[in-house]
Each structure stands twice: as C-alpha cells, then as structure tokens.
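Engineer: Letter by letter, the chains look like this.
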Amino acid sequence: MAENEKPKAVLARKSQLKDIIHRFMKNKAAVLGFVIIIVLVICALFPAQIAGPDYTEQNLRNRYQPSSSEHILGTDELGRDMFTRIVWGSRTSLTIGLASIMLACSLGVTIGLIAGYYGKTVDNILMRIIDVLMAVPNVLLGISIVAALGNSTRVLVLAIGLGSMPAFARVTRSAVIMVREMEYIEAARATGASDGRIMWKYILPNSLAPIIVQVSMGLATSILTISGLSFIGLGVPAPTPEWGSMLSSGRAVIRDYPHIILYPGIAIMLSVFAFNLFGDGLRDALDPRLKT
Amino acid sequence: MIKYIGRRLLMMIPVMLGVVLLVFSMMYFSPGNPEDYILGDMATIEDKEAFREEHGLNDPFLVQYFNYLIHALQGDLGTSYTTKLPVWDEIMERFPTTFKLAVFSTFIAIVIGVSTGIISAVKQYSIWDNISRFIAIIGVSMPTFWEGLMLIILFSVILRWLPSSGFSTWRHWILPAITIGTHSASSVMRMTRSSMLEAIRQDYIRTAMAKGQKYSVVIWKHAFRNATIPVMTIIGLQFGRMLGGSAISEIVFSIPGLGNLIINAIKVKNAPLVQGGILFMAVVMSLINLLVDVLYAYVDPRIRSQYVSNKAKRKNPVAEEKAKEGV
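Chain order of the listed sequences is F and V. Residue 1390 in this note's numbering sits at position 201 of the first sequence; the count goes up by one each step and never skips. Residue 273 in this note's numbering sits at position 255 of the second sequence; the count goes up by one each step and never skips.
There's no promise every hint is true.
Derived lysine-lysine pairs resembling BS3-like cross-links, with alpha carbons at most 25 Å apart [stated by the list, open to error]:
1) F:1309 <-> V:102
2) F:1217 <-> V:102
3) V:66 <-> V:141
4) F:1215 <-> V:66
5) F:1309 <-> F:1390
6) F:1217 <-> F:1207
7) V:102 <-> V:285
8) V:66 <-> V:232
9) V:239 <-> V:141
On the chain V side, residues computed to face chain F include the following (Cβ under 7 Å) [what the hints assert, rightly or not]:
10) 31
11) 33
12) 185
Derived from the structure by calculation, the hints contain no laboratory data. The beta-carbon is built from N, C-alpha and C at its ideal position, and this holds for glycine as well.
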C-alpha cells in the first residue's frame, strides 16, 4: 500500500518548474532549438576564441575566395574571412536583439498590465496608442526612426524595440484581463493591497507564460528586422560584422560568387529558426492546453 | 452592420491622427534639413531659404502639423520635394504595383498554406505533417530578401528560366510573388493546421462521422467552415503586411512599388512623401482589418446574428435569443 502511494506523493511534490522542464525536454524540436541557441550564445560570447580576433583583416588579393582549408566559408569582397565575420555577427545580432526585446518587453508589459488592470478609459487610451504603432508597418517604422536619428546600435535597439512593443502590450493585456478576475486577486484586494502591489506581485507573475513565449518569438522577429535594416544600408554601421549587411554587400556579385550571400543567410535563418522552435516548445510546455 | 462599420470607421480617425503625429514628429525632429538633401551642395543660402519659405518649413512645429492635417483632411497630402508632383499622384502611380504583388502573393499563400494546413491537421503526426510543419517553420524563419536572392540565383542565374528584376511581363511577377507568398504561406499553414485540429475535435464532427457522412464532406463542410475565422484573420493580417512590409522585397527585385518609394523618400528626407505614404498605408491596413471583420459575419452566421438590429431582433425572436446566448 505504502509503495503504491509513493509515486502519487512524488508527483504531488514535483514542482511546476520541473513539470515544465519535463514537458519541454520531451519536445525534440524545441530541444534542437535550445541547442542551436546555446551554440549561438557561445559564439556571441567567445567569437575571438572560436574564429579569431580580427574580423576586419583585409586581403585584397584574396577576394571572393570559395571555401578552402584556410577560409572555411571563403572570403568576401575585401578578402575578409567569412567564417570570422559570421561568428562575430552573432554577437551583433544577439546583442541588438536582446536589448531591443528587453526594451519592448519592459514598455509593453507595463502598458499591457496597466491597460488590462484598470480597463475602461485607461485601457482605451493606451490601446489606441498601441494601435497607432501597429498601424505603421514595422519595417517602415524602423526605417523612419533610423533615418531620423542616424544608424547606431542604440538607435537600432530603439527602432526595433518600439516596433516589437505593441505585441508585448497586447499579449500582457489579454493575460491580465483573465487573471484579474481570479479569486486570489479579489482576496488580495480584500486584504487592502494597493493597485501597484496587486499588479506587480499577484497579476504579473500569473501572466508570465505568454510573455516568456513572446520574448522568444520577438527575438526571432527582431533578428530578421535587424538584418532587413542592415540589408538596405540602415543597420549597423561598417565595419561591424552583421549578417544583413554581409548579404547586402554580396548582392551585387551573386551571379559570380553566390557563396557570399549563402552563409550569412543560413546564419540568420538558423538563429530565427532556433528561437521559433524554442518559443513553440515553451508555449506547449508552459500551457499544454494550447498544444496542437 | 452598417452601424458597426460606421463606428469602426470613426474609431480609425484618432488612430490615423496619431499616425500622422508620430511620423510628422519623427521627420520634424530628425537632424538634417530637407533642402540640403534636395537642392544639393551647390545651392546658395538664398535658394535654401526660399525652399524653406516655399514649403512652410520655418513655421513652428504645431503650425506645420495642423496645416498638414487640414490639408490632409481635404485630400491634399502635399507636394513631393524631389519630383514636385502631388504626393497623392505619386502614391497612386506606385500603389497598383504593390497591390498587384500583394494579391498574387496572397493567392500563393492561400493555395499552399490552406491546403498543406488541412492535410497536416487531418493526418496529424504523420510523416507528411512532420515534413510540412518543418518546412513551415523554416519558411517563417527565412528572411524574405534572402529567399528572393536565392530564388534569383536558382531560377535566373543557374536555370535562366525567369527574369531577376523588373515588372513589365507576367514572368517578372513570378519570383517576387513566390518569395513573399511562400513566406506568408508558412504562417497561414500553421494557423490552418491549429484551427482545423481544434475543429476536428468537436462533438459535431464526431456526430457527422457517426451518421455516416463522407469523410471529405466532414472535413470541408463541417470542419473547415468552422476553422475559417482564424485563417481569414491571418490572411488579412498577412495581406496588410505585404502592402506595407514588402518594401525590402521590392528593392531586391527592383519593383517600383509603394514601399520602395517610401524608403527612397525616407533616405532623402522627402517629408511630404514619407508622411503621405505611411498615412496611406496605415489607412489601407486599417480598412483591410475592417473588411476581414465584416467578412467574419459573411462566413459565420453566429457572428452575423450579433449584428442584427434591435428592430429586426424584435421581429425575429429566435435571432434575438441566439444573440443573447452569444452563439
């Protein structure tokens, strides 16, 4: 009897986090995404150790070289090693992506939390502001901001962060609207907790699941936007290696040297792919009801 | 229904005022003067001053903003600094190209996305489902401009089947439409799959199967009809995005569309064209969203019943009852 009861007791003690990790690990695609993200992060943290310290080293006699033992992915229009630049490029994409999503998340979550909690007029005003940002296509909003303020890393973070913010606000607002009706919120209010305390201490932690998923999906989108802006010359200024600007500089010679655009494109695709898989896996693990 | 459309159109006004304010402020407060970009280095200070005077650029911010608003409400979006043509005419010259490209791309997205989505859902966890889900996630992850370049390498450079740029013949449209369409098809496929899976699990599907209905009829008439709302939403969203967001693809394929026009205008600080172009796109995107909402009522009688006027409801108590139940 005691032995029969043991598994139940163990299950009961199992924390929610362990349960989520268990469900996540069962999803092979999500684990693949996670592994690619780990590789990307390692590349971004230690590019000098992986690919060498000098991504600007030029050799004009060695332009447009195909893959060889000396240059695994060949060389670009200035004879620079493509592998080195792609590895260093991961740092650029991840740094700008993470910073812009942090900006988008902090602004969007605050707006969504306030709009969802207070409702009525406050909700109406805040959501109309969000509608304004959503009415302008993301790419054009980004281009306008960068063209207005100049292309630096900070401006890129602002441009992409503002473009991604509405999604966070909307996701948070819909989660908050559901959570605010829960009995424990009523209980908190009955104990005299202030609105700020109820919002940050009780509602936000219980609305985190869709926000976490949005972070992963948002990172994927922001990597695409960074590369898009760099592709049209409004991204990271040269000589900082960035995948989109590598594609842009190789565009003129695709007929003769297609490898110039092949590898940076694969790098963008793989990172976006990884964050999408990871986000999908997280969503399924955090809320199995949403799993399809 | 008309009341609902009217209310939605009224709600668009503050959003559009906000869009104008946002874009106007960005162009106004950005460093650099339009006269420097447009008149060039050879222009004298007098020429530049005359340009500023002519375009009202010496007025304070609020005066300029309200002047722009008043003119915009009268249908006058200003004059392009570079071509001296009315902004409206410039937009109208480019918009049909962007619109046509969006229509072709949406067609491709619907054909590929909906069909693979349905098959994936019907054969859930089969090899077909796994392959199409994998391709869909790859499709969402590929930057459209890279996909465009790769298609140019394959079909224009290696196989020499299709032209790589321009838009004069139907053959020119194939590569850009495939590039944009396949990207959207991935999102449409994912949405179709998940809403079909939800529909397939409903009791009425079991009932339809139990009464011996043909499988294809159950899928198309019972399941797909009930799964169309989210699919329509994503198609509407994708169509709106194609109108506004295919600017980079237009650059890749050298298509003289609206996005291409706005990007060039942003680069030379041609403020009237940027403001007019973005305002126009925002209005079109909002109208598409409204059209999708109206289409919901067309395809779903449950939603239609919610729009029945009170007078009609009194005449038809069944509709009133259903509207109350929210079914």
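Engineer: Next step is simple, just say for each hint if it's right about the structure.
Structural biologist: Going through the hints against the structure:
For the proposed pair residue 1309 (chain F) and residue 102 (chain V), the alpha carbon gap of about 46 Å is over 25 Å, so the pair is violated. Between residue 1217 (chain F) and residue 102 (chain V) the CA atoms are separated by roughly 59 Å; this puts the pair beyond 25 Å, and the hint is violated. For the hint pairing residue 66 (chain V) with residue 141 (chain V), the CA-to-CA distance comes to about 68 Å; that exceeds 25 Å, so the pair is violated. Among the hinted pairs, residue 1215 (chain F) with residue 66 (chain V) is inconsistent with the structure: their alpha-carbon atoms are about 67 Å apart, more than 25 Å.
Distance hint between residue 1309 (chain F) and residue 1390 (chain F) is fulfilled; the C-alpha atoms sit about 22 Å from each other, no more than 25 Å. Taking the CA atoms of residue 1217 (chain F) and residue 1207 (chain F), the gap is about 17 Å. The hint holds against a cut of 25 Å. Taking the CA atoms of residue 102 (chain V) and residue 285 (chain V), the gap is about 17 Å. The hint holds against a cut of 25 Å. Restraint check: the Cα-Cα separation between residue 66 (chain V) and residue 232 (chain V) comes to about 75 Å, which exceeds 25 Å; the hinted pair is violated.
This hinted pair checks out: residue 239 (chain V) and residue 141 (chain V) have alpha carbons roughly 18 Å apart, not beyond 25 Å. Because the smallest distance between the Cβ of residue 31 (chain V) and any Cβ of chain F comes to about 10 Å, over 7 Å, the interface hint for this residue is violated. Taking 7 Å as the C-beta cut-off, the interface hint given for residue 33 (chain V) holds, the closest approach to chain F being about 5 Å. Evaluation of the residue 185 (chain V) hint against chain F yields a violated restraint, the C-beta minimum of about 19 Å exceeding 7 Å.
Checked against the numbered hints above, the structure violates hints 1, 2, 3, 4, 8, 10, 12; every other hint is satisfied.
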